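Asks: Listed here are the chains, written in short residue letters.
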Amino acid sequence: MFSRARKEKRSLKKGIQSPALKRSYEAWKKKSSAQADGDPSRRKMLFTTVSGRKIKELYTPADLKNFDYLRDLGFPGEYPFTRGIHPTMYRGRLWTMRQFSGFGTAEDTNKRYKYLLRCGQTGLSVAFHLPTLMGVDSDHPLAKGEVGKCGVAVDTLADMEILFKGIPLDRITTSMTINAPAAVLWAMYIAVAEKQGVSPKVISGTIQNDILKEYIAQKTFVFPPRPSMKLIVDTFEYGAKEVPRWNTISISGYHIREAGATASQELAFTLRDGIEYVDWALQRGLKVDEFAPRLSYFLNSHNDFFEEIAKFRAARKIWAEVMRERFKAKNPRSWWLRFHTQTSGVSLMAQQPYNNVVRVALQALAAILGGTQSLHTNSLDETYALPSEDAVTIALRTQQIIAYESGVSNTIDPLGGSYFIEVLTKQIEEEAKTYIRKIDDMGGMVKAIELGFPQREIADSAYWYQRAVQKKEKIIVGVNAFEMEHEPIPILEIDEAVARQQLARLREVKRRRNKTRVNRALNDLEKAARDGLNLMPFLLVSVKAYATLGEIMDALKEVYGEYQEPVSY
Amino acid sequence: MSTKKIRVLVAKPGLDGHDRGAKVICRALRDAGMEVIYTGLRRTPEEIVNAAIQEDVDLIGLSILSGAHPILFPKIMKLLRDKGAEDIPVIAGGIIPEKDIPRMKKAGIREIFLPGTSTEDIVQWIERQIRKGGAKRK
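Read top to bottom, the protein sequences are chains V and D. Every letter in the first sequence is one number past the one before it in the working numbering, and letter 568, counting from 1, is 561. Every letter in the second sequence is one number past the one before it in the working numbering, and letter 128, counting from 1, is 138.
Among the clues, some could well be false.
[Unchecked claim] Cut-off 25 Å, straight-line C-alpha distance, at most; resulting in silico cross-link-like pairs (DSS-like, lysine-lysine):
id	chain 1	residue 1	chain 2	residue 2
1	V	Lys323	V	Lys440
2	V	Lys321	V	Lys234
3	V	Lys194	V	Lys280
4	D	Lys109	V	Lys137
5	V	Lys158	V	Lys194
6	V	Lys194	V	Lys58
7	V	Lys426	V	Lys440
8	V	Lys550	V	Lys503
9	V	Lys47	V	Lys37
10	D	Lys142	V	Lys137
11	V	Lys23	V	Lys223
12	V	Lys58	V	Lys23
13	D	Lys142	D	Lys88
14	D	Lys116	V	Lys223
15	V	Lys223	D	Lys93
16	V	Lys107	V	Lys37
17	V	Lys419	D	Lys115
18	V	Lys137	D	Lys88
Keep in mind that the hints were calculated from the coordinates and are not lab data. In this text the structure is predicted, and so the values were computed from the model without any measurement.
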């Protein structure tokens, strides 16, 4: 019996790399090259991906050396999860359609959320304005001109109560893009749920809470890396006990990619960030299987269709291996790389903006063929401003058309087994692992960031790409080819009245709250930070006393200091 | 004509951390033989104007993607005038809706380069401007 299995395995291998195949391939290649050489009008370009990867004219079984279905792919829902984390994938449940959204005041955004939910969106995703992302209040000098512009203004629990007014937090999941002050905004969300009579035990959603990629790419940092990491581990610890259905981090490659990284760099730096968070949590004494199931990821879906699909598949495989082999996690849920995807913002063009609808559709399709758990599709007008209602509706409809009309959700991992996709998946896996080992050798991601390593690698890639576009090695339709004039499109405008309303509310909240209670809460918080305690309970007391975000962050800055980025380019 | 290198201050006002464009511009100007001083992120108008005067730059390039340009650009231009440094030309790039451009130019921004502009065009523009207004450099 065993010998028959061996024989079968041998013949399978032979099928993949048989001498007959090799001979036929060589003969075909000769013919194909001869034809190409004899055609003076053939396309003379570098056939590379958006990341600069060279692509062959054809992939055959001969390219899949040492390919083993069970080892390399397995079945959906089974290790190493290359084909998907769930055994049923989209036949069981479609991905969550979650449009990142927020602008103006909490009232404006609350209206937009209700509109999106009426349009069939299945989850919420909060975009905060820049002062909130930076942990300062709307009346701070740095907030001048910024209030409500890039997202919704949230200074206190009062804003958060309005933001979710009439939205039942026990029935909707909410993702919040917030990093340096993530723990504070999470405390506000928990407090709103409690006020709605919903227990923290049942609320579900995600805080981005990924500070490492802030130093690497997105740059909305406040505290230095080490205290920031401490605060993040606080949320893991608190979440595991008190808010068990919450994803306490969304380890993000999105911004790394947007800053200019290649597909492999995005994957490598993001997964190495993930490893860093696990390391720090283990050092705190947490057990890996207690918190690892609540780690989630956030990846970019860029222009190069197949490379992106391969990246998503490689991501799942590497993470499963890291969690099982490196960290010895026992719970299969700890091995899952669950991820949200956003289509690539930088790939959108201001020129002929309606073309962006097509770019987004292709990128969304790549994310879905890559097995994403949730998806944000960018709106066509996002190179100009936050999306208008019409533009965001098209973006959401794009997901619905893929989900309900295209048929791609009928079967799991439909591209699995494609010679090309499997080769790409393997290549990206190996490239990412090489980077991960390099950062291990540097002493981890915090060290690598302090050395400026990922930042430099990304800036190099960004500059390479810009030059490739200028040399027309990379064609962007409407920008360096097929250019034409176009009419301006309608865009969403945030006027300064928003700032006036927001400042009025902030003054009103400050006037009405119990100042003694606020001061006591902030003093206790600062003391707890000095004593190295888990800050979540103290943050909850502070936000419930209507301490402002800025006041809370200032108290913590007293203890932790502020990060100054070394300036380089 | 002076053979002195053109000195450029690349500055990021506003709270956004999107520095990909600013960094690409810094490298492109450096590769074109200019001296580039980059302020880093989240500089206030005061910090930018002070840095420009202290570094005695020939030109200021502003990069902003947060939407705060209607407030911050006029503020920077006013501070330059207040300090008698209005002869330093200021250019800008980032996310700036086309309808805001006339207002920004009226405030004194010499040119606004929108997404998709080639770095070569920006280099040529700067070289032309500085040659034209060469009187500023001693």
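Asks: Given the proposed pairing of lysine 158 (chain V) with lysine 194 (chain V), does the C-alpha separation stay at or below 25 Å?
Replies: holds (20 Å)
Asks: Mind checking the alpha carbons of lysine 23 (chain V) and lysine 223 (chain V) for me, to see if they're no more than 25 Å apart?
Replies: violated (60 Å)
Asks: Has the given pair, lysine 142 (chain D) with lysine 88 (chain D), been kept, meaning a C-alpha gap of at most 25 Å?
Replies: Given pair lysine 142 (chain D), lysine 88 (chain D) holds - Cα atoms ~23 Å apart, limit 25 Å.
Asks: Taking only the CA atoms, is the gap from lysine 419 (chain V) to lysine 115 (chain D) under or equal to 25 Å?
Replies: violated (52 Å)
Asks: Holds or violated: are the alpha carbons of lysine 323 (chain V) and lysine 440 (chain V) at most 25 Å from each other?
Replies: Violated, because 29 Å separates the two Cα atoms, which is more than 25 Å.
Asks: Regarding the pair lysine 107 (chain V) and lysine 37 (chain V), is the alpha-carbon distance no greater than 25 Å?
Replies: violated (51 Å)
Asks: Hint check: lysine 426 (chain V) vs lysine 440 (chain V), CA-CA at most 25 Å. Holds or violated?
Replies: holds (18 Å)
Asks: Given the hinted pair lysine 109 (chain D) and lysine 137 (chain V), is their Cα-Cα distance within 25 Å?
Replies: With a Cα-Cα distance of about 21 Å, the restraint between lysine 109 (chain D) and lysine 137 (chain V) holds, given a limit of 25 Å.
Asks: Is the straight-line distance between the alpha-carbon of lysine 142 (chain D) and that of lysine 137 (chain V) 25 Å or less?
Replies: violated (35 Å)
Asks: Verify the proposed pairing of lysine 550 (chain V) with lysine 503 (chain V), using a straight-line Cα cut of 25 Å.
Replies: holds (21 Å)
Asks: Does the structure keep lysine 47 (chain V) and lysine 37 (chain V) at a Cα separation of 25 Å or less?
Replies: Holds - the C-alpha atoms of lysine 37 (chain V) and lysine 47 (chain V) are around 14 Å apart, at most 25 Å.
Asks: Hint check: lysine 58 (chain V) vs lysine 23 (chain V), CA-CA at most 25 Å. Holds or violated?
Replies: Given pair lysine 58 (chain V), lysine 23 (chain V) holds - Cα atoms ~22 Å apart, limit 25 Å.
Against the hints set out earlier in the document, violations occur for numbers 1, 6, 10, 11, 14, 15, 16, 17.
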